[in-house]
Structure formats: structure tokens, C-alpha cells
Amino acid sequence: MFAKFKQAKPFRPQFSIGCLFDIATGRYEKGMKGENILNGGVANIEGVTGPGNSFKSTIAHFRMLKVLLNYVVATGFMYDTENSATLSRLKDLANVIDPSGALARSLDDEELQRFLFTDAAEYNGSDWWALFKEGVIERIEKLKEIDTPFLNVKTNECYKLLPPMVGEIDSFSQFQTAAVFKKVEAGKVGESELNSVSMQNSNGKAQLLDTLPYLTSKGGFTMILTAHMGDTIVMDQYNGPKKKLAFVKATRKMKKTTESFTFLTNNLFEVIDAKPMFDNNKQPEFPRDDNDDLKGMTDLMELTVMPIRTKGGITGFPFSLVVSQRFGLQETLSEYWYLKTYGRFGLTGNQVQQRLALLPDVVFTRKSIRRISQENAKFRRASQLLSELCQINNLWPEYAIENMVEPTKLYEGLKEKGYDWDELLETRGHWTFDQYTNPVKYLSAKDLLEMYHGNYHPYWMAAK
Numbered sequence: 001m002f003a004k005f006k007q008a009k010p011f012r013p014q015f016s017i018g019c020l021f022d023i024a025t026g027r028y029e030k031g032m033k034g035e036n037i038l039n040g041g042v043a044n045i046e047g048v049t050g051p052g053n054s055f056k057s058t059i060a061h062f063r064m065l066k067v068l069l070n071y072v073v074a075t076g077f078m079y080d081t082e083n084s085a086t087l088s089r090l091k092d093l094a095n096v097i098d099p100s101g102a103l104a105r106s107l108d109d110e111e112l113q114r115f116l117f118t119d120a121a122e123y124n125g126s127d128w129w130a131l132f133k134e135g136v137i138e139r140i141e142k143l144k145e146i147d148t149p150f151l152n153v154k155t156n157e158c159y160k161l162l163p164p165m166v167g168e169i170d171s172f173s174q175f176q177t178a179a180v181f182k183k184v185e186a187g188k189v190g191e192s193e194l195n196s197v198s199m200q201n202s203n204g205k206a207q208l209l210d211t212l213p214y215l216t217s218k219g220g221f222t223m224i225l226t227a228h229m230g231d232t233i234v235m236d237q238y239n240g241p242k243k244k245l246a247f248v249k250a251t252r253k254m255k256k257t258t259e260s261f262t263f264l265t266n267n268l269f270e271v272i273d274a275k276p277m278f279d280n281n282k283q284p285e286f287p288r289d290d291n292d293d294l295k296g297m298t299d300l301m302e303l304t305v306m307p308i309r310t311k312g313g314i315t316g317f318p319f320s321l322v323v324s325q326r327f328g329l330q331e332t333l334s335e336y337w338y339l340k341t342y343g344r345f346g347l348t349g350n351q352v353q354q355r356l357a358l359l360p361d362v363v364f365t366r367k368s369i370r371r372i373s374q375e376n377a378k379f380r381r382a383s384q385l386l387s388e389l390c391q392i393n394n395l396w397p398e399y400a401i402e403n404m405v406e407p408t409k410l411y412e413g414l415k416e417k418g419y420d421w422d423e424l425l426e427t428r429g430h431w432t433f434d435q436y437t438n439p440v441k442y443l444s445a446k447d448l449l450e451m452y453h454g455n456y457h458p459y460w461m462a463a464k
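In this text, residue positions in the sequence shown follow the numbering used here: the first is 1, and each later residue adds one.
Be aware that one or more of the hints could be misleading.
With a Cα cut of at most 25 Å, we get these calculated DMTMM-like pairs of lysine to aspartate or glutamate [unchecked claim]:
1) Lys142 - Asp109
2) Lys255 - Glu302
3) Lys441 - Asp147
No lab work stands behind these hints: they were computed from the structure.
Given these sequences and hints, build the entire structure.
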């Protein structure tokens, strides 16, 4: 009966970006050389929602830019429906993520044609989407799939994938079709002809969303959508609105989106709270320097983020992200804050003079952590690995109960086995298309645990 059918791929590669997103949305898969590849981070259809001024766009920008940084063959785009973003702001954020400046330069390199930034002043939603679909069809026709490091256990060959493309519609709430633009331009405020505008716009958005699962999979691209979350007015307390998602309050609604937004997104995050990060004296918790250590300075914010839909992870388990209003999402600070939140996992020393268990020679304080994380790549890598080990401990108890090792014991145990931690911390935690020729070697948090238990030895090291 099924002889004429094609089997679907057993899994879909995601793009690893770190900063607490990968473990929360993915799982480990075997690589071609036995490594444990973390397949999580950014999937085909992504959503970020929250109230106004909750840094939805900042999170979306980070997710897009990290894909462009980690995957050099990737291209990107952004369609700004609110006419409020600028390419210069994206470049500023890119320079924080990649201080070398290479990522920022690639965003407006016309010869490279790596990134397209446009907005609603140039195209209404219908015209932009029509041109975009043409480009996707052209990608399918012209581009060839390239090797990934993921192993197909049935064929013993690698899985292949089109070169990735990742981008944003920011925000989807303000996405407006051509018909809406024409009516608004021709009509006057208060005229009855404008009453049907919202319904027409909703139909157009529904059509766009309904085509995304096919187009993103076939065309090899990722779409990140932001949407405004607001409260609904309950007119009848005995017959109120029904829940659309298990962990979203029934009185909360994503504005000007369609119901498809809640079930077609692979990963959907809600920012449920944002507050300044102060110490007990209202000083910044983590000042950049003395000039930044001003009482009442609100640049640094703690966001409480709830995964409200993930197809590969756990929903309803919130975590915090640390964001600078000036410099965007703070990756290492977010990881450190996660470790501190969960029983100081992997942190040694005392409350003032602290150390990372995987890098015990480096002492830091809350006032020096931002400087040290900027200057010390091994510090950033140790923080990432510890945060992923902590997430495994929290989110994957079925694996952690059998395999988790206390971080100090892990450090000492691998050292006793002859591993050099300087070498282990000069690695990367994201898979790449050039996995086995990339000069920066791959090593995952699970690899470390498997090495401790004697079940794995890195493919890029000489045999012991």
C-alpha cells in the first residue's frame, strides 16, 4: 500500500544559537563521526510575543543574527512593518555579537548580497510577500543541497540541506496587505468603508501563515515573526474567552494575528515580564564600567521568557534573559544568571569572588563579569557549557539521573583522564556545514558527559 510513498525525513535540522535556546527547543542527534550534535535553537517558523517595550524585536534580532554568524553560508532578510527599525541598529547589535565587525559588514555588502533590509514604506505586505515567494522558488530551482554533519543511521550517509536563509517580519501584528493600504489611503477616519479593513487584513495574514510550513521546508528558510501581546476586555465574567495555548492566560491575546500563529510556529516564546536589574542599593547589578555604575541606571533588564509552544522541548517552564537596552541580548550574562538562579550550578568560590567550575583559575565579581566575558573567549565557552549542563539537569531528568556529573567533579575527572581544559574550551557548541574542516572543533555538553563516562572520545583528538 505504501510502496509509492516517500518517507519524510526523521528529523529537521535546527540552527544552534546558544543563549539558553538550544537545549530548550531541541535534542541531541548523532554526527557522522560519533559526536553528539545539539539539534536545537532556530526552527522553520519562529514566534516571539509580548506586551509593548518587552524587547520582542531584540530577541528576534539576536536569533536571526546568531544564525548568520554561526552559519557562514546563510543569508538573511528583514521586513519592518512598523517603519521603526534601521539597518544601522542591526549593525550595532551585530557588532556586539561579533566584535570582529565581519557580521555587521556583511549586512550591507551589496556585492555579497547576504542580507536584505526593507520596510512597509517600500512595499505593502502583499507586494513584499509576492516578491519573497518568487525568491524562494528561485532558491529551490537554483540551489543545491549541501552536506550536514547529521548521520542518517539507515543509510550511513549524511543528511543534506539547502543553504539556510533566516529572517524576520517585525512585527506580524502590523503586517498590512495591499487591499488594506488602498482602503486606508482612500478612506477617512470614521468612515464605514474602513470597518472591514481588519477582517480583510486577517484573511491575508492567514493565507500567508498557512503557506509557511510548506514554503519554509521546501525553500530551506526560517521565518521569525514578532507579535504584540495584550489583554482582552472580558464583557461576561461567566462566559469569558477560552484558552488558545495551555500556558497563556485566556485574557491575553496576540493582537492582529490569526489563530494559525498559535499552532503553526515551531517555537513560540512569550516575554511575560521585564524589569531593571538592580542590587539592594538600586545600583546596576552588572555595570559595564564605573561610568555605567550609576544609581537608578535602567539599561540592563531581566526578561522572564515563557516557551508557550515548542515542538521539540518543554513548554510552560520560564527562564530569564538579560538584555541591555543599548547593546541587546547579553548572552554570557543570561547564562550566568541561569546558573545563579538554579542553586549556583557550576559556580564556585563565594558570593563575591566567584569562579566557573570549568575555568577555576579565573576569578570574577558582579562588577567585572561583563568585562571578562568580553575579553575572555574561554570564559564565554565555559559559561555556555555550564548553562547547557544545568538545562539538561532541569529539562531532561531521564538522561540526567543516569549521566549528570557535578561540574567540579566533571572538571577534575576529565583532567585525570588526560584531557586539557584549555583545548576543550577552545571549541564551539554549534554544528556547521564544514563540521570536519572548521578550524574551531565541535564539542557539546553531552560530549563532555560521555567523555567522563568513557563512552566518547572527540574525533578531532588523537586516540588515547
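Each hint tested on the structure:
Restraint check for Lys142 and Asp109: satisfied, since their Cα atoms lie roughly 22 Å apart, inside the 25 Å limit. With a C-alpha separation of about 24 Å, the suggested pair Lys255 and Glu302 falls inside the 25 Å cut-off, and the hint holds. This hinted pair checks out: Lys441 and Asp147 have alpha carbons roughly 17 Å apart, not beyond 25 Å.
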